[in-house]
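Q: Letter by letter, the chains look like this.
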Amino acid sequence: MPHIPAPKRIGVLAIQGDYAAHAAALEEVGAEPVAVRKPEELEPLEALVLPGGESTTMLKFLEKHQFFQALQRYCASNPVFGTCAGAILLAREVLNPTQRSLGLVDVTIQRNAYGRQIDSSILTAPTSLPGGPLEMVFIRAPRILKVGHGVEVLARRDGDPVLIRQGHIMAATFHPELSHDRRVHSAFLALVDSANRR
Amino acid sequence: MPEPNEKNGFTSTSLRLKVGLAEMLKGGVIMDVMNVEQARIAEEAGAASVMALERVPAMIRAEGGVARMAKPSLIKQIIQAVSIPVMAKARIGHFAEAQILQELGVDFIDESEVLTPADETHHIDKHAFTTPFVCGARNLGEALRRIAEGAAMIRTKGEAGTGDVVHAVQHMRQIVKEMKALTVLSDQELYAAAKEHQAPYELIRMVAQAGKLPVPNFSAGGIATPADAALMMQLGAEAIFVGSGIFMKERATPLDVENNPKEREEAVSRAKAIVTATTHYNDPKILAEVSEQVTGTMKGLAAAAIEEAQLLQTRGW
Chain A
0 MPHIPAPKRI GVLAIQGDYA AHAAALEEVG AEPVAVRKPE ELEPLEALVL
50 PGGESTTMLK FLEKHQFFQA LQRYCASNPV FGTCAGAILL AREVLNPTQR
100 SLGLVDVTIQ RNAYGRQIDS SILTAPTSLP GGPLEMVFIR APRILKVGHG
150 VEVLARRDGD PVLIRQGHIM AATFHPELSH DRRVHSAFLA LVDSANRR
Chain B
0 MPEPNEKNGF TSTSLRLKVG LAEMLKGGVI MDVMNVEQAR IAEEAGAASV
50 MALERVPAMI RAEGGVARMA KPSLIKQIIQ AVSIPVMAKA RIGHFAEAQI
100 LQELGVDFID ESEVLTPADE THHIDKHAFT TPFVCGARNL GEALRRIAEG
150 AAMIRTKGEA GTGDVVHAVQ HMRQIVKEMK ALTVLSDQEL YAAAKEHQAP
200 YELIRMVAQA GKLPVPNFSA GGIATPADAA LMMQLGAEAI FVGSGIFMKE
250 RATPLDVENN PKEREEAVSR AKAIVTATTH YNDPKILAEV SEQVTGTMKG
300 LAAAAIEEAQ LLQTRGW
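Sequences listed follow chains A and B, in order. Just so we're aligned: 91 in numbering that gives the first Met the number 0 is position 92 of the first sequence, and the numbers increase by one with no gaps anywhere. Just so we're aligned: 148 in numbering that gives the first Met the number 0 is position 149 of the second sequence, and the numbers increase by one with no gaps anywhere.
Bear in mind the hints are in silico, worked out from the structure with no lab data behind them. Worth double-checking, as some hints may not be accurate.
With the C-beta cut set under 10 angstroms, the calculated list includes, among others, these residues of chain A facing chain B [said to hold, decoys possible]: (1) Ala13; (2) Arg36; (3) Gly51; (4) Gln65; (5) Gln68; (6) Gln71; (7) Arg91; (8) Asn95; (9) Arg115; (10) Gln165.
Every residue gets a Cβ at the ideal spot worked out from N, C-alpha and C, and that includes glycine.
Starting from the given sequences, assemble the full structure and let the hints guide the process.
A: Below you can see the structure in the form of structure tokens.
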């Protein structure tokens, strides 16, 4: 019998937002998604996804029961992928308005920077991920204004970084979970693999 | 007609973006607000979005008169005051109100039976807009007719402005039951099902394959307590609209959140409790805790005591 490895158990923060879309995307790339609604649910998981949604809603929730601190500790040492609101939570500095964040990725990010819902868009742009240009769904998207030295930019939109990696953390200002292309989620699972080997 | 694709999603860019924003609101609470202070309270309490309107349904019901789109100045003030998405209501069929709301930059337009209908035959052609629409439905056929017209989100209708959850429950159960029934039909039988539901065959087939609507399904109307929110989420709602339940004191009198700190605190406690209950809808321990923290609940009006002609939910064709 060939050895079939157990699927990776990847948490999806399920306070509010498109956590169901991320769960479906993770299943498609062979992982087992686990909804996380309480701080004690983080510890047994190999990695975590912070979905899109409203960052203020998530933040208000995290500020109760020491969830913020637990999440900060978890994300400091485990692979994490944040999209849109999730990327805002991970950033070092948040503008428009200024708000608290986990401060784990060395970027300055501006909320709702491309406008309101009528300015949301689907674009295709080059990426350093293998396989050619990538479709990107931007919804009331934030904009990364500045990146620090340790941050690798994997894709840009008109010069703005939109997909980045710093160590064991990935972040996107768009929503790969809303496209059919699973390269971004696969790249995150590869990151989880390499973190396990270290 | 929207083009379904192999994964039971929509393929047009416009519809994907509209449904995409609806996806972002899942698991959240959308709160009716009548002024800037209420909008700030809603955001502070963790609302995922606010619905800007001049009178909540409980007041419309009590005061009567023609209920129309909110004043542009109010909508603009609320857009300025909060960073979360802002929704606003247009009358059924009133595409000119919807054009104005799109121009003002609202993020979602609610073509709502809570306002006085402007057209007793036609709903708005929602494909003609860039801004996404949410519409109410009491059964699967009504939901699919609205989706055919371009709605990117459905809210199952309860009886708005009552604080009585009974009709929200009835209609959520109805839609879920009708969707389940479709999943066991053969391909041949789906044509007749489309006729029965008075809905396009393509959408009937999508529901039969997926067992769910092709757009998010939220719950609205009569939700007044954390327990009500948890009930609707457990019955299958993907997010919750709360109207009169947070900012109303008596049937037609709002809490004075601008001048009375105690009443402001009461509104904050209700709003926070409903937000927490919507996330932890399956956790009775947390639901008990947040229910205890609420000070006061809107008085409410039993939906069964309302005459048929006075019901808002029957509007929609």
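Q: Next step is simple, just say for each hint if it's right about the structure.
A: Okay, the hints, checked on the actual structure:
1. With 10 angstroms as the threshold, the beta carbon of alanine 13 of chain A comes within range of chain B, its nearest partner Cβ sitting at about 7 angstroms, so the hint holds.
2. The beta carbon of arginine 36 of chain A comes within 6 angstroms of a beta carbon in chain B, closer than 10 angstroms, and the hint placing it at the interface holds.
3. Interface hint at glycine 51 of chain A: satisfied, since its Cβ lies 5 angstroms from the closest Cβ of chain B, which is below the 10 angstroms cut-off.
4. The interface hint given for glutamine 65 of chain A is broken, as the beta carbon of that residue sits about 15 angstroms from the closest beta carbon of chain B, more than 10 angstroms.
5. At its closest, the beta carbon of glutamine 68 of chain A sits 18 angstroms from a beta carbon of chain B; the interface hint therefore is violated under the 10 angstroms criterion.
6. For the restraint placing glutamine 71 of chain A at the interface with chain B, the shortest Cβ-Cβ distance is roughly 19 angstroms, beyond the 10 angstroms limit, so the hint is violated.
7. Hint status for arginine 91 of chain A relative to chain B: violated, with the closest Cβ pair at about 19 angstroms, above 10 angstroms.
8. Contact between asparagine 95 of chain A and chain B, as hinted, is supported at the beta carbon level, the nearest pair being about 7 angstroms apart and thus within 10 angstroms.
9. Interface restraint check: arginine 115 of chain A against chain B, minimum CB-CB distance 5 angstroms, threshold 10 angstroms, status holds.
10. At its closest, the beta carbon of glutamine 165 of chain A sits 24 angstroms from a beta carbon of chain B; the interface hint therefore is violated under the 10 angstroms criterion.
Hint check: violations occur at hints 4, 5, 6, 7 and 10; the rest are consistent with the structure.
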